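Peer 1: Residue-level listing of the chains:
2 protein chains.
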Amino acid sequence: MPQISFSRRLRRTPFSEGVEAAGVKGYTVYNRMLLPTVFQSVEADYRHLKSHVQVWDVSCERQVELRGPDAAKLMQMLTPRDLRGMLPGQCFYVPIVDETGGMLNDPVAVKLSDDRWWISIADSDLLLWVKGIANGYRLDVLVDEPDVSPLAVQGPMADDLMARVFGDRVRDIRFFKFDMFEFQGRDLAVARSGYSKQGGFEIYVEGSEIGMPLWNALFTAGEDLEVRAGCPNLIERIEGGLLSYGNDMTDDNTPHECGLGKFCNTHTAIGCIGRDALLRVAKEGPVQQIRPIAIEGEAVPPCDRPWPVFADGKRVGQVTSAAWSPDFQTNVSIGMIRLSHWDAGTAVEVETPDGMHRATVQERFWI
Amino acid sequence: MPQISFSRRLRRTPFSEGVEAAGVKGYTVYNRMLLPTVFQSVEADYRHLKSHVQVWDVSCERQVELRGPDAAKLMQMLTPRDLRGMLPGQCFYVPIVDETGGMLNDPVAVKLSDDRWWISIADSDLLLWVKGIANGYRLDVLVDEPDVSPLAVQGPMADDLMARVFGDRVRDIRFFKFDMFEFQGRDLAVARSGYSKQGGFEIYVEGSEIGMPLWNALFTAGEDLEVRAGCPNLIERIEGGLLSYGNDMTDDNTPHECGLGKFCNTHTAIGCIGRDALLRVAKEGPVQQIRPIAIEGEAVPPCDRPWPVFADGKRVGQVTSAAWSPDFQTNVSIGMIRLSHWDAGTAVEVETPDGMHRATVQERFWI
Chain E
0 MPQISFSRRL RRTPFSEGVE AAGVKGYTVY NRMLLPTVFQ SVEADYRHLK SHVQVWDVSC
60 ERQVELRGPD AAKLMQMLTP RDLRGMLPGQ CFYVPIVDET GGMLNDPVAV KLSDDRWWIS
120 IADSDLLLWV KGIANGYRLD VLVDEPDVSP LAVQGPMADD LMARVFGDRV RDIRFFKFDM
180 FEFQGRDLAV ARSGYSKQGG FEIYVEGSEI GMPLWNALFT AGEDLEVRAG CPNLIERIEG
240 GLLSYGNDMT DDNTPHECGL GKFCNTHTAI GCIGRDALLR VAKEGPVQQI RPIAIEGEAV
300 PPCDRPWPVF ADGKRVGQVT SAAWSPDFQT NVSIGMIRLS HWDAGTAVEV ETPDGMHRAT
360 VQERFWI
Chain Z
0 MPQISFSRRL RRTPFSEGVE AAGVKGYTVY NRMLLPTVFQ SVEADYRHLK SHVQVWDVSC
60 ERQVELRGPD AAKLMQMLTP RDLRGMLPGQ CFYVPIVDET GGMLNDPVAV KLSDDRWWIS
120 IADSDLLLWV KGIANGYRLD VLVDEPDVSP LAVQGPMADD LMARVFGDRV RDIRFFKFDM
180 FEFQGRDLAV ARSGYSKQGG FEIYVEGSEI GMPLWNALFT AGEDLEVRAG CPNLIERIEG
240 GLLSYGNDMT DDNTPHECGL GKFCNTHTAI GCIGRDALLR VAKEGPVQQI RPIAIEGEAV
300 PPCDRPWPVF ADGKRVGQVT SAAWSPDFQT NVSIGMIRLS HWDAGTAVEV ETPDGMHRAT
360 VQERFWI
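The listed protein sequences correspond, in order, to chains E and Z. Numbered per numbering that gives the first Met the number 0, the first sequence spans residues 0 to 366. Numbered per numbering that gives the first Met the number 0, the second sequence spans residues 0 to 366.
Calculated directly from the structure, the hints in this document are not laboratory data. Incorrect hints may have been included.
A partial selection of chain E residues facing chain Z, derived with a Cβ cut-off under 10 Å [said to hold, decoys possible]:
(1) 34
(2) 122
(3) 212
(4) 325
Residues on chain E that point at chain Z, a partial pick, calculated with CB under 10 Å [unchecked claim]:
(5) 6
(6) 24
(7) 35
(8) 36
(9) 124
(10) 136
(11) 247
The calculated lysine-lysine pairs, modelled on DSSO-like cross-linking and capped at a C-alpha distance of 30 Å, are [as the list claims (entries may be wrong)]:
(12) 24/Z x 24/E
(13) 49/Z x 72/Z
(14) 176/Z x 261/Z
(15) 72/Z x 72/E
(16) 282/E x 261/E
(17) 196/E x 24/E
Fair warning: this is a prediction, and the values are worked out from it, not measured in the lab. The beta-carbon is built from N, C-alpha and C at its ideal position, and this holds for glycine as well.
So here's chain E without its partners, still in its complex pose (with noise of 0.2 Å):
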């Protein structure tokens, strides 16, 4: 397995002192950052986030700020999420398009005032994009990466780690609310958010400088409850059916592709640049959706490109992420099918470096 070369490009983080020490074995590039991706093996960091509690270090989700007069003008104009109802405090998954309703990113938006926003990526550069908006229409408002850094607490004990260096009012904060908490002096943003299907908490760490003490802090009141460095898994992450910008949708689809139609209002996301586009699949619906499927046979290898579905030798999809999942004990998969293919039950065949195997679409997906 070939090696990473490190450069100052490939960002370090206010953790990755502590990510050292506790002895990453893997990594990834996100948002030219690095990511971690193993630290054990995938499998038993998978086996521990589900019975004890993690600390990640996703710096790699960085901040887009908008702030200003037009900050929830511009945010609307991002996505085709109807934004009205969104009070400070909360966090909204909003899907991200352009002008021909093509994802550009699904991050999470925060609303810390009406003038005020985090738009939390996963791995694009949409600061250049909300900046060229910004511009081209010349808005009153300022754009930038601020340095603030997520750390995620993410398990099941994660709410008693959490209640010892925060106290119990973090165990208040309700699933995709945040509210701020002190710590060595900072206010800082926690929210019940993260990505596993495990629960947890996600802290918005604004000062780089407060990294390191913030981990530590963590590690020393989690030590009874058997607290590891970890990072977002990709079994469990595949069999709670949390999708990866870049792995299972790019800039050629639509939410609605991938399923996240729910996530947006088309009709009344008035400002919505992508709006127009995206109205008729609104309407229509799409021709192709994401669908979780199961993989028959032996564990598959790393899936590093997308691997061709088959049904009666025509093609009618892809998958694109794909793991052994030993509490399921079959291979978890998220793929893009045909409409013609994807009602659940459906056989299909998924060729495979290892070669083809039979699969199935499933009704949803597995956690």
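Once you have looked at the hints, place chain Z on chain E.
Peer 2: For chain Z alone, coordinates are given in the frame of chain E:
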């Protein structure tokens, strides 16, 4: 050293199969695509590059294509370099700046015709900035990423190898010009350019399916020239003063700070979005600038974060790329140094992970 974890999101290239067969040992990620960094060793690759010829998979230099009546207008909006005199068949190195004059990329612009351009980008999603601007200003232009993957042929024997595959006419291409050459029924743009000082070409391979046929044709034709798979070489590019966006400069820096003032015609580049912001620095000059810095002592470790540069105990800059040079028997490096200390011969100190090293600002880069 941690491994890189593969996924579809870290895009493979039309040449990945050849790169793997050649035994690639290290990767970086560049524009969300795999870029090889080592084959034998960085030093062995360096020796070979300087004496023979290498074929480089630089597909990660993605193209942003501008097509339509407003293409030239849009291109000029992006850069402070005056493009009025640029002819089809020319390549221009163009700093791209935002409305504050901060660098967003330092690509090569390729003028195919008056209404069709490619921007061969460094590591940032420039596509999103260009699409945002085109949309915001309602320009009559298509902006997208075509299926074009550059393959570089670099080294002193590059002309000989290329002539065997494309005919002797390639020898006539002048520096930073391109011409069209036929390969297996396709017309490909071939430019005399590349990210080394050893001479050579970049082939803009249009159509992924001819990637491996071309790769194989080059290796078959070059067997007796000892052609090898290679990649941009850290040592050689620092010796040659070839900057790396994301390493040596970011959107914090103006082109003038990067020593790219000679590529700016701020007064006549009418329409450039960052023009107003750059007028003052163009006249008065920057307060810090890129400099070659020789670092004394043992070979330094990889520079994976900015290393502070001091003089008389005061911080006067930072080093962002560094490597031991076998040919010059010193550590060669690229730094950004304050005006007060940027004169050639100035003694400074560089704080590396291995401790403080004495260093000297150089008059010019090494090659």
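Peer 1: Determine for every hint whether it applies to the structure shown.
Peer 2: Do the hints match the structure? See the list:
{"no.": "1", "hint": "34", "result": "9 Å, holds"}
{"no.": "2", "hint": "122", "result": "6 Å, holds"}
{"no.": "3", "hint": "212", "result": "19 Å, violated"}
{"no.": "4", "hint": "325", "result": "19 Å, violated"}
{"no.": "5", "hint": "6", "result": "6 Å, holds"}
{"no.": "6", "hint": "24", "result": "6 Å, holds"}
{"no.": "7", "hint": "35", "result": "8 Å, holds"}
{"no.": "8", "hint": "36", "result": "4 Å, holds"}
{"no.": "9", "hint": "124", "result": "4 Å, holds"}
{"no.": "10", "hint": "136", "result": "5 Å, holds"}
{"no.": "11", "hint": "247", "result": "8 Å, holds"}
{"no.": "12", "hint": "24/Z x 24/E", "result": "16 Å, holds"}
{"no.": "13", "hint": "49/Z x 72/Z", "result": "40 Å, violated"}
{"no.": "14", "hint": "176/Z x 261/Z", "result": "19 Å, holds"}
{"no.": "15", "hint": "72/Z x 72/E", "result": "28 Å, holds"}
{"no.": "16", "hint": "282/E x 261/E", "result": "12 Å, holds"}
{"no.": "17", "hint": "196/E x 24/E", "result": "23 Å, holds"}
Of the numbered hints given earlier, the model fails hints 3, 4, 13; all others are met.
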